[in-house]
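Chain residues, written in single-letter form:
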Amino acid sequence: AQSVTQLDSQVPVFEEAPVELRCNYSSSVSVYLFWYVQYPNQGLQLLLKYLSGSTLVKGINGFEAEFNKSQTSFHLRKPSVHISDTAEYFCAFYNFNKFYFGSGTKLNVKP
Amino acid sequence: GAVVSQHPSRVICKSGTSVKIECRSLDFQATTMFWYRQFPKKSLMLMATSNEGSKATYEQGVEKDKFLINHASLTLSTLTVTSAHPEDSSFYICSAGDRGMNTEAFFGQGTRLTVV
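Chains A and B are the protein sequences, given in the same order. Numbering of the first sequence is given in our numbering, commencing with residue 1 and proceeding in unit increments. Numbering of the second sequence is given in our numbering, commencing with residue 1 and proceeding in unit increments.
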C-alpha cells in the first residue's frame, strides 16, 4: 500500500525558533516527494520537491527538506520561523499519475 | 510556475440545486486535471482524474452521477455538483498538469461550497 504519514497534526513554535515537520512515506517503488503549504481558504502552493540527486532540497521561504531513503522520510525544516509561516503543510508523493497527500500539519507560530 | 485559476472561490447554494466549478490552466495546456475534496481539518481526498477529451476516472466511493466532471478542452475542466445537499458542503480544489507531468501539480485556489 502507498501512503504518506505526517506524524504531527499540530506544531506550535515561537517566532525565530527552528522547526521540523515530519513526514514518512510508504511505497514499493521510487517516488517523487513534495511539500506544499496551504493558507486558510486557499489552494496549495509548492514549497519544494525531491525528484532525484541531492537528498537535501531547498525551497521557497527558507524551507528545506531532506530525503532519507533508508528511513523513508522527507522531513521539512526551517532554521528560524516567522509569524507569516503560520499555515498548514502537506507532504505528498507522486506515483502512477496520482498524488498521495499526508493528513497535514498545522504550524502555529507564536510571537 | 504555471497558473491555475479556479472559479468561484466561494459559493452558497440551496439544497437540491446544482453548482458548477471551473478550473482553468492560464498559461499551459493541461492534459490532466485532478479534483480534490478537502474536509475540515483533513487532507485532500482525490475525487477524480480527468483527461482532455475522455471520461473522467473516479476514485472508489465517489458518485460519478453526483459529481460530473467535464474536460472538454486543454485549458478547462469543470466539476458540477448535482442536486447538492448540505453534506456536499466542502472545500474543492483542482490541480492541473501538462503533457508529461510527473514532477509537479499546479493547484487552483479552491472553492468553498456551502449548501443550505
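Rather than coming from a laboratory, the hints here were simulated on the basis of the structure. There's no promise every hint is true.
As the list claims (entries may be wrong) - Here are a few chain A residues that face chain B, going by a calculated C-beta distance under 7 angstroms:
1. Val19
2. Tyr39
3. Gln42
4. Gly43
5. Tyr50
6. Ser103
Claimed, not checked - With the C-beta cut set under 7 angstroms, the calculated list includes, among others, these residues of chain B facing chain A:
7. Val11
8. Ser90
9. Ala105
10. Phe107
11. Gly108
12. Gly110
C-beta atoms are modelled at their ideal positions from N, C-alpha and C, and glycine is treated no differently.
| message | Given Phe107(B) as an interface hint, is its Cβ closer than 7 angstroms to any Cβ of chain A? | response | 4 angstroms, holds
| Any CB of chain A closer than 7 angstroms to the CB of Gly110(B)? | Since the shortest Cβ distance to chain A is 5 angstroms, the answer is holds.
| field | Satisfaction of the Gly43(A) interface hint, Cβ to chain B closer than 7 angstroms | value | Hint on Gly43(A): holds, closest Cβ of chain B at ~4 angstroms, below 7 angstroms.
| message | Does the closest beta carbon of chain A sit nearer than 7 angstroms to the beta carbon of Gly108(B)? | response | Holds, because the Cβ-Cβ distance from Gly108(B) to chain A comes to roughly 5 angstroms (cut-off 7 angstroms).
| message | For the restraint on Tyr50(A), tell me whether the closest CB of chain B is nearer than 7 angstroms. | response | 10 angstroms, violated
| task | Tell me if Gln42(A) is really an interface residue toward chain B, meaning its C-beta lies closer than 7 angstroms to one of theirs. | result | 5 angstroms, holds
| said: Quick check on Val19(A) please, does its C-beta sit within 7 angstroms of some C-beta on chain B? | reply: With a closest approach of 20 angstroms, the Val19(A) hint is violated.
| task | Verify the interface restraint on Ser90(B): the C-beta must sit less than 7 angstroms from at least one C-beta of chain A. | result | Since the shortest Cβ distance to chain A is 12 angstroms, the answer is violated.
| Hey, does the Val11(B) contact hint survive, CB to chain A under 7 angstroms? | 13 angstroms, violated
| query | Does the interface hint hold: is Tyr39(A) within less than 7 angstroms of chain B, judged Cβ to Cβ? | reply | Not OK, violated: Tyr39(A) not within 7 angstroms of chain B, min 10 angstroms.
| task | Report holds or violated for the interface hint on Ser103(A), using the least CB-CB distance to chain B and a cut-off of 7 angstroms. | result | 5 angstroms, holds
| query | Hey, does the Ala105(B) contact hint survive, CB to chain A under 7 angstroms? | reply | 6 angstroms, holds
In this structure, the hints that do not hold are numbers 1, 2, 5, 7 and 8, in rising order.
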